[in-house]
Each structure stands twice: as structure tokens, then as C-alpha cells.
Amino acid sequence: MRVATDIGGTFTDLVYVDVNGNIGVEKSSTTPPNFEKGVLDVIEKSGVDQSSISMFIHGTTVIINALTERKGAKTALITTKGFRDVLEIARGNRPDLFNVNYDKPTPFVERYLRREVSERVNYKGEVLTDLNTDEVKECIEYFKKEGVEAVAVSFLHSYRNPLHEQQTVQLIKELWPEVKVTASSDITQEWREYERTNTAVLNAYVQPAATTYINRLENELKTQAEIDQRYIMQSNGGTTKFEKAKEAPINMVESGPVAGIFGAAVLGEMIGEKNIIAFDIGGTTAKCSLIENGEVKVSTDYYIERDSRNAGYPIKTPVVDIVEIGNGGGSIAWIDGAGSLKVGPQSAGAYPGPVAYGQGGTEPTTTDANLLTGRLSPKNFDYNVNLDTVRSAIDTKIGNHFGISPEDAALGIIRIANSNMLNALKLISIRKGYNPQDFTLLAFGGGGSMHAPALALELGVKKVVVPIASPVFSAWGMLMTDLRHDYIQTYIQRMNDLTLEEIDRQWEEIEKNALQHFSEEGMESANVEFHRFADMRYLGQEHTVKVPVANGKWTEEARAQAISDFHKLHEKNYTFKLEEAQTEIVNLHVTAFGKVEKPQIAKLNRSGSVTDAQKEVRDVYYENKGWVSTPVYDRDKLPTNQVIQGPAIVEEKAAVTVIYDQQKLHLDDYGNIIIEKEDN
Amino acid sequence: MTHSTTIDPFTLEIVKDSLLAAGDEMFVALARTSMSPIIYEVLDYASGLTDAKGNLLTQGNGVTGFIGMLTFMVKETLKKYPGDQLKPGDIIIINDPYQGGGSHLSDVGLVMPIFHDGEIIAFSANKAHWTEVGGKDPGSFTNDSVDIFQEGLQFSCLKLYDEGKVNDALVEIIRSNVRFPDLSLGDMWAQVAALRTGDRRLQELCEKHSKETILAAINHLLDHGEEISRQELKKLPKGTFYAEDFIDTDGVGNGPFPIKVKVTITDDEFICDFRGSSPQVVGPVNCSYTGLVSAVRTIFLAITNPAQDVNDGVFRPLKVIVDPKSIMSAERPVPVSNYFETLLGSLDLVWKAMAPHLPNRLTAGQFLSVCAVTLSGTHQDTDEPFLIVEPSVGGWGASNRKDGESGQFCMADGETYNVPVEVAETRYGIMVDEYSLRQDGNGAGAGKYIGGKGVIRSYRALSDGQAVTVTFGRNKFLPWGVADGHDGSPNEFYVVASNGTTDGPFGVYPRYKLDTNDVVQLMTGTGGGYGHPKERPADQVAMDVKNGYFTIEEARDYFLVEVDPVTFDYKELAGR
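Here the protein sequences line up with chains U and V, keeping their order.
So the first sequence is residues 12 to 691, counted in the working numbering.
So the second sequence is residues 55 to 630, counted in the working numbering.
In isolation and in its complexed conformation, chain U is listed as follows:
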């Protein structure tokens, strides 16, 4: 049996698939600060026989929590002489342009714990000044005295020549084996010293906590059952073994959320959909990501605590491209200073939550608006819902201001929330040169199925899929993952000057390194699959385009193909190409998969009639139509492959799907809800 557990802010989710391909789900409370307890709780609650678990896959928020709550280790930094302040100067940017009280992100290492040593490598990787090991020893003594728990080492041009970082780490490990130490070049091989240094620092910062957590989880699991395959979800949409995860815990920073995106790609493959917009609506945020031709997009342009007003902290590790906005079910609707309606980014959270929860929430939320307009029923809640309180909150806070009914105000909230989400969806599709009509919208999370059908009509998407296990879809995605490592090496080289031998040598080195990693994880080389990319640009330009390139030995054709693919992709992304301009490689990127045998998901084939699945008929308030009697169905009783015309509602545990009169839906062979636009 394969089991996946995903720790979220409120719940720890579990999804399993047994040897017959049957799926089961469970939820239990998240248990900070001892998160492993929640994991064991949910396993127990699910009734899964622990001795039957053959594979265990885990997504965790331990890393992101340690970062955002500033609960990591006391961390020190060693840099090249003259550059200890790079971490504090950062990039000097100020997204909040007109704010003279702007708060620059505070570095994770205070200045007195940032020490410099003599050493220097130039941009070609040549050593100009040897490492002064005496100074490293002085640093060690000083850090010991200051009670440092983790050390990051970051030298200039180490992406090109990591020798001095390796020597420093070696020395620290010899002289001070208890301390955790991170070399920047072990985490990222990309240029830009601030970003690389910050990444190393954050890895060091979370490493002690991550190690403790993984060890505890490992021990607890061991006492329960001997599971030979234990994996942790990484931000790149793949997994790594527990042991590896302790070395570079920063790779787990988006451990949970990316699994849903990855799951969308896998589910797409199962049902023959290669181009997908994955869309996940939770309580406080909505996340989306575009999957083209089955490929989840991964980049190292990742930041924490960055938004339109804050510079944030860069983390140069591979993370699935996700656009996240502050709009979820709990987002609060409010009137701004000049009288306009806004929704989010403030959220009522789990407590007090929406007004509907009756836990003291007074601010109307998107969930309350969905309730008042009949999209949700009081029966969908685990609370005693007082509809009058909800109506009155929407009326006093929103309706009165515009002189309209509470129902119209609720519809306004839904429309504004949808508009916010629509802008996020456009950001990843239209603005990147993709036509949404070529994509299927795959919606999950607690609120995904509620809003997706309306958004699909706006966006022009032809098909919406609400997958099986949609409220716990991230955990479902984890069940389907492979081992995955991404290797990104900065390698500045003009395409025309490139010798084929030289680039072959580069690729081979990266792939040899990958095979070594996999062998340490017990993965046989026969099951390893490489995908190569070159991050390319026009000479003189800054931004790169990720170009898939040939495997194996390069030929002149491979080079020419890469250049011509680059021109095409550049035109797609940026609307123009410069065919006469020189092209340049900036990074070599190898994605290495260690293929794991996947469970076969059983088909459903449920017969019966749609009428039997109908729970009730309830009035739902629609734009331009008013109240419409709308049939409500139970997802668990819907027969497969029978069509329901909109408007209609399908309810399941923890999620509701709403379709409109231009739409129809059916349950496919696997139990996914497929929503399509009526052909006119």
C-alpha cells in the first residue's frame, strides 16, 4: 500500500492507494509544533494497517514555518573578503516605490556573525588568491564562542569553481563536527552572489530544525512499521529520500503546494489532457500553474515574503512555477477609502473564520457570499450556521453602502473575487503567450470546484476537471511522484563559440553527478531518466528562455535545433525574435527522474440514474437571472458517464461544484467531474 501525508495549515491530509488501485482519504488536525504527531494521528484515524505500507510519501510545512516564524537556528556566514555585507545590501530595490518608510528585508544573519576570509576566484573560475585556512579557523573559534548552530559558506564565483567553499566546509567539519554547515555551491550552482548567499544562509538556518523533524518522524514510523521507501516531497514536484532531504532542506520549502500541481499533470496524463491550468483554492489563497504538454514548469525564480510592496528573500532552488494570490474562501470583503468593493488579501482564517462559522467572525467573506447566494448550503458546514447573521453582515458591511440587496452584494463579492482569480489565471496563460482555449482547467482544493466553472466561462477554457479526491488533491499528487533532482549550472557560453566536446563534457558531468545521487538513494540507473534544458538568451539580454535540448552526444544539428527552438520560444514568450542576433547559454539544466512504479487507479463504472443521486433542489442566486431552482447532486452517488445539464450543484465532503446554464457535466471512468460548455 502506498500512503501520502500532507501537512497543511489546519489539517494534515492522508490519501492512500491499495494494491487494487482503490483510493481512500482522511483528514486530521495539524499539531504544531510537533507536526509528526499529526502525521501519526491521521495514519491511525485512516485505519490503514501500518505493516502494509510499502511506500510513504510526505509533504511538510516545517521548512516554510521555520522561515516565516523566524524559528530557525542561530546562523553565521563566511564570505570572500570585502563582501560580508552583500547579504544586507541585497539588491537595493524598493517595490513600494513611494513609501519613504519602506522596510528592507532584514538579513537572517546579523552583521557580527558575518565574517570574511581571504580567498578569490575570478569569473573564469581561476584562483587568484588561495584560501586562508587560518582565517577560517579564527571564524570557527569566534562562532563557537557566540553559540552558533549553523554556518553558511558563500564565496564569489563558487558556481564556477567551488574549491574554496569545499575546503572551508571540510575544515569546519573536521574541527567542529557538531555544527551544521552549508556551502552555497552545494545548494545552487547559479551566478548572482546575493541570491546564492541568501539561499545558503536559509538552508543553514532551517537545517537543524529539519534534521530533528525528519529524525523524529523516521523514528516514530520505524516503531510502527518498517517501511523501506520513505520519501519527502520537494519544491520541484518530485521526491527525495529522507536522508537526502536533511542535506538540503531548503529544497522542501514548497513541499506541499507543488504536489497538487504535479498531481494535475499526472491526472491529465491518465485522462488524455496534456495542456492544463492547475488551480488550487484554499482558505486564504488561490494558486495556479500552467502545465504544457504534460510538463510541470520549474524555475529558480522563487522568493519568500515577496509581494508588490516587499522585496522578499530569494531562494535559488528549483520550485514549480506557481502564481499565488490572496483570495480564498476565507478572504474578507471590504469597502476601501473611496467606496469601492475589495475582496482579500486579508482572510478570516480558520479562526474566527467566515461569519457562517458562528465563531465570532463579523467580516463577510467569499464563503459567506457563496452561502447567501445558495451556492453553499448550511448543511455543507460542520458548524451551526445562522443564515440571518450572514445576511446581516453582508447587508451592513457591503449592501448598505451601495444601496442594494444583500443577495446582490453577495453576488458582487463573488464577482470581485472571481475577477481577482481571473487576473491570476491570465497572468500564467495569456500574458505568457498561451491561449486558454488550448487548456483544460483542473480545479481542486476546498474552493476550486466552486469558482472554476465561472472562471472557465470568462477565460474561454473549454473544459473543467474536478478530480477525484479534489479537497486533498495535493496528497493524491504525492502518491504519483517520482524521485526528482534538478541540476542547474551557470555556464555562460555563446552558442556559436561552443565546442561540442566541451558541452558534452558539461552534460556528462552533471549527469554523472545525478547518477551518483540516485545510487545513494538506492535508485538503479536503468530507472533514471534525464531531461535537458538550456536557459538561453540573446547576447546582451538578461532574461532567459528555458529551451528543451537534445540528450546524448551533441551534434551540429542539435546545436542548430537548440538555436532555432530558442527563437521560437522567445517569440512565443516575448512576442518577437531577433534571428540575426547572437544567442548565449546562461545555465545548463538537467532534470533527472528516478522512476518509481506507479499505482494503477481503478476505474469506477457506477451505474444507476442521475435522479437517484439528487439530494435536493435549492434556490441559487445568479447574475442577471435572480433565484433559480437548481438541482443538487451527491458526487458519491453520481453514475459515470451520464450527462447533467446546468445549472446544477454537485456536493462532496469538503467541496461543492457549481455549474451554470451554459454548461454540462458528467463523471468520467475514474470518478472525475468533467464540465464542458454546451455546444451551441
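Hints were generated in silico from the structure; no laboratory data involved.
Note that this is a predicted model, so its numbers are computed, not measured.
Treat the hints with care, as some may be off.
To give an idea of the interface, some chain U residues facing chain V are shown, with a C-beta separation under 8 Å as derived from the structure [stated by the list, open to error]:
| no. | residue |
| --- | --- |
| 1 | 137 |
| 2 | 168 |
| 3 | 172 |
| 4 | 173 |
| 5 | 205 |
| 6 | 317 |
| 7 | 427 |
Here are the simulated PhoX-like cross-link-like pairs (lysine-lysine), alpha carbons at most 25 Å apart as the crow flies [what the hints assert, rightly or not]:
| no. | chain 1 | residue 1 | chain 2 | residue 2 |
| --- | --- | --- | --- | --- |
| 8 | U | 606 | U | 474 |
| 9 | U | 257 | U | 606 |
| 10 | V | 600 | U | 155 |
| 11 | U | 92 | V | 289 |
| 12 | U | 353 | V | 288 |
| 13 | V | 588 | V | 456 |
| 14 | V | 600 | V | 588 |
| 15 | V | 600 | U | 473 |
| 16 | U | 148 | V | 600 |
| 17 | V | 219 | U | 85 |
| 18 | U | 443 | V | 262 |
| 19 | V | 219 | U | 588 |
| 20 | U | 636 | V | 262 |
| 21 | V | 625 | U | 156 |
| 22 | U | 85 | V | 288 |
| 23 | U | 82 | U | 155 |
| 24 | V | 625 | U | 688 |
| 25 | U | 675 | V | 213 |
| 26 | V | 600 | U | 82 |
| 27 | U | 557 | U | 583 |
| 28 | U | 353 | V | 625 |
| 29 | V | 288 | U | 82 |
| 30 | U | 353 | V | 379 |
Footprint (simulated), chain V over chain U, 3 or more residues, beta carbon under 8 Å [as the list claims (entries may be wrong)]:
| no. | region |
| --- | --- |
| 31 | 196–202 |
| 32 | 429–443 |
For glycine and all other residues, C-beta sits at the position ideal for the given N, C-alpha and C.
Following the hints, position chain V against chain U.
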């Protein structure tokens, strides 16, 4: 709300958001397609949409300095091409500093009318700093020009595209008159692509919601901005406020030049009167009137509501008064290359006048200079020419509740990024010896809350015959402290020759020659402090010493705290 409408408020809001999103999209499109570091790293550009009359609807900004400019470019276009002289597919190019929307020649603007049903409904516009527009020096903007003709090509509101057809002659003139035509023209095409994105999005909106709805949403947007502004204005102290200061030099040996402002705040107006400031000068620190308006708009936003969406409605309460032909309202043909230093000086005047009266909104003074550095030469490995054009980071002022930020770009910049050392060393014929926070040692920026630190960035030339042009303002007059906080330190630079001799300090210097292993040490200023240093908690002072922000002597002399150099234990001295 002055406009009533029958369109429901949520549709208006959604269309308004769509307009803002279109503005964002145009902005991102330009950065991602540009070939010049000054655009994609420094984001020295702006883009936006105006209504059919040129009123700004939305503007994406990489820097604050462009905030008044797009709207005036469009108004200039309407003035030059009245009636039906603008056609679908036209794109206008404009960089004339003395016309509407002009700053200096390097900032090249493009304007495109957006037609729907044969009628102009809006304009799409952008303005970007080109790496090259010709002129006497590489990089075009220079600190010792004496007239506009030394500063490069002038485009006085010309049709780059005529009904969709590009003006080839104009393109060829640009190609043969600039030093890096691929960069300049590359940026121009990127600007064109961004304008068309705006056009496309507006057409889609019109088709979806009808033209009438769009026009109503535009009015809604402008009224919304004005309403928020007026509410903030009500909260400000009423009265008249004064400040005086100086612009260091004009770069050709003259100066300092006095500048002054009288700020009058009433219930519904915010008036900045700069009359009595220095007349325009010989060297290139003259600022255009448009530049002055941008300066005032920037500080007005900082004072009222820095978080709001920016449109012309926001600025309706604002008035700017200035003498003609002053240093901040220059007229043809005085040079304007370094206009931004006077733009900053004007902005800082209003800031300084208001800071004591708005302690919760305004900080002490900052290093206040773009601190522009232009370094040209030949790469030691490739023998190819290289050109660095970059602003520098420095210290910001402290406020009544926090220390100033260290190593940030000045107020005229914004979402501006420094060039990473590793990128600079790969691309340019230099090595960076040091990039660190400055330790002044003289109590600069001391206060209850301390000024942010300036930085030291040192370039070592790796080939002979390099030339560095440095334009550091605030070299003679320091960033000001508030409420007994100390002033900060000056922006300055030194050159340490390979033989060990040191030259400097300088503030403004054209084309200082560097040979192999000569080092130029660029040092930016520390910001002003806020409150008396003796009010800073002693344990904090001890930590400042441990962190190397202040010396033991500074702790003793200015903060009245004796700090042990080894243990960093401390004791408070008499007088605290």
C-alpha cells in the same frame, strides 16, 4: 463622487482592475523584452495608459522619477497632432526635454493612440532610458555638457509609425547616430511591443464590456483616485512651510546654487511654490518643468498615501509654481543630462519642509542622489568594448520609529536592482574589490534612530584606457537629521592608482582615466539620524559597536555609552 452612472459598481470595479492589470502587463512586457541592463536590471522606465485627453489612468513604474511624464507626453502629442491627424497604427516618439513629458534625451518616450470604432478612446505610452542616444560621451548622459546638442539625438514628437508603417528614415538616423544601435533599437522595438499589448487589452475590454462601460470605468478610476487623495489631504496640517537647500554644482565649475520652496496646504490644495530658486545654469543639472512636476508628485504620494494606485485624479489637488527659466524649469537650449539631481533636490525640499510637521509620515534626509556611474573601456579577455551605466545604493534617513535602511537606491529610483558582482565581473573589464557598508567614524547619522549606512563599491580596472564618469550629488551638503539626529555623510569617491597614490575626494567628475589596477572607490552617503543619540538604548549602542556600525569612540562621544572592545559590555556615561 462627481460622476453618476447606470453601470453597476462591480462591473466598474472589475473593468478598473482590468485596466490596472493591462498597465502591469505592459510594464512587465517591456522589461522582459529589453536588451539593455539599464531597463531590465535598473527598471529605468515607466509605462501606462491615459484617457483620450491624456489623463493618466494607470502607470507601471520601475522608478518614481517618471511619475508625471507619460501624461504630459500624450498631451504634447495631442497638441502637435490636433483634429484627425492621429491615425490608427500611429506611434509617436518624443524625448525633447523642453516639451511636455521631457526629462533628458536618454529617456525616450513612445505614445500610441488607441482607437475603437474610429475614435480615440485612450493612449498607451511608455518612456525608457536608452543606453545610448548619441551625443558627446558614451552613454549619452554626461556631467559636463554645456548645451543640449552635446547630449544626443532629439525627437520632438515625431511619427515613428505612420498608420502602422514604420518610418525607415528615422530608424536609420538612429542607427547611425548612436554608439550601440542594437541596444537602442532593441529597446525601441520592446517599447513598441509593450504599447501594442496595451492596445490589444483595451480592444478586448471594449469588445467585452462596450465602449461606454470602459469610458465610465475610466471616470470612475480618476474619481476614485481623487477621492482618496482628498481624504488624505484633510489629515495634513494646514499652513505654510518653508525649506531651503543647495544644488552642489553644475558639473562645469559653477555652484552651489540655492533652491527654495514654500509649501501651502489648505483644505483642498497642496501648493508647492519654488519661486526664488536659482535661474537655469551652464552645466547639465537643469531640470525640466515636467521633471519638477514628477518630483512634487513623488513626494506628494509619499506624504499622502504611498500605497494607492496612481492616476491623474490623485494629483488634482496638487499645484506647482515656479519661475520661468529656473534651474528646475529649464528652457532650450541649456543642458539637462543630470536633471535628476535637481529633481531630487526639489523633492527633498518639500520633504525637508514637511518632515518636522509629519513625524509619522516622513523620515530624516537620505543620500539623495542617483549617484550615477558610467565606466567605459575594453574587456581584458574579449577585447570588446564595454559600458557600465548604473546608479548606486546609499543610506536612507531614520524615522521616529525605526533606523534608516542601508544600501538602498535613492528616492528617484525604485524597483531598481544593483548589478551583481559576479555579473559585473563577467561582463565588464573590472574586478570588484569591495562591496560593503560604510563606517563613517564621525557620528554621521547618529540618533535615537540611526541613519541607514552608505556603501563602498570599488572597481579595479583590468585594462588600460578606461574612463569613469561619476555624478554624485549631496557631496557638499549633507543628508539632514531631524529632532537632534545627526546629519549623514557625503557621497564621494576616491581613486587609488596602481602605484598607491590616492586622489580625491570628488563628487562630480567627468571621464577620470583609469589604467590597469587603478581602483575607483565609490562611497555613498549615510542617511540622517532621528532624535538625540543619547536617547538610543545603551544595549542597542553596544550591539551597533559589535556589528561594526559605529566605533567605540563614536559610541562614547555621541551616544555617551562606553563599550568594552572585547566583551561588548557597556556602561552609560554622564549626560544620558
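Against the structure, the hints come out as follows:
{"no.": "1", "hint": "137", "in the structure": "violated, 11 Å"}
{"no.": "2", "hint": "168", "in the structure": "holds, 6 Å"}
{"no.": "3", "hint": "172", "in the structure": "violated, 12 Å"}
{"no.": "4", "hint": "173", "in the structure": "violated, 14 Å"}
{"no.": "5", "hint": "205", "in the structure": "holds, 6 Å"}
{"no.": "6", "hint": "317", "in the structure": "violated, 12 Å"}
{"no.": "7", "hint": "427", "in the structure": "holds, 6 Å"}
{"no.": "8", "hint": "U/606 x U/474", "in the structure": "violated, 30 Å"}
{"no.": "9", "hint": "U/257 x U/606", "in the structure": "holds, 21 Å"}
{"no.": "10", "hint": "V/600 x U/155", "in the structure": "holds, 16 Å"}
{"no.": "11", "hint": "U/92 x V/289", "in the structure": "violated, 50 Å"}
{"no.": "12", "hint": "U/353 x V/288", "in the structure": "holds, 24 Å"}
{"no.": "13", "hint": "V/588 x V/456", "in the structure": "holds, 15 Å"}
{"no.": "14", "hint": "V/600 x V/588", "in the structure": "holds, 18 Å"}
{"no.": "15", "hint": "V/600 x U/473", "in the structure": "violated, 63 Å"}
{"no.": "16", "hint": "U/148 x V/600", "in the structure": "holds, 20 Å"}
{"no.": "17", "hint": "V/219 x U/85", "in the structure": "violated, 63 Å"}
{"no.": "18", "hint": "U/443 x V/262", "in the structure": "holds, 21 Å"}
{"no.": "19", "hint": "V/219 x U/588", "in the structure": "holds, 19 Å"}
{"no.": "20", "hint": "U/636 x V/262", "in the structure": "holds, 19 Å"}
{"no.": "21", "hint": "V/625 x U/156", "in the structure": "holds, 22 Å"}
{"no.": "22", "hint": "U/85 x V/288", "in the structure": "violated, 47 Å"}
{"no.": "23", "hint": "U/82 x U/155", "in the structure": "holds, 20 Å"}
{"no.": "24", "hint": "V/625 x U/688", "in the structure": "violated, 76 Å"}
{"no.": "25", "hint": "U/675 x V/213", "in the structure": "violated, 52 Å"}
{"no.": "26", "hint": "V/600 x U/82", "in the structure": "holds, 23 Å"}
{"no.": "27", "hint": "U/557 x U/583", "in the structure": "holds, 12 Å"}
{"no.": "28", "hint": "U/353 x V/625", "in the structure": "violated, 53 Å"}
{"no.": "29", "hint": "V/288 x U/82", "in the structure": "violated, 43 Å"}
{"no.": "30", "hint": "U/353 x V/379", "in the structure": "violated, 46 Å"}
{"no.": "31", "hint": "196–202", "in the structure": "violated (count 1)"}
{"no.": "32", "hint": "429–443", "in the structure": "holds (count 5)"}
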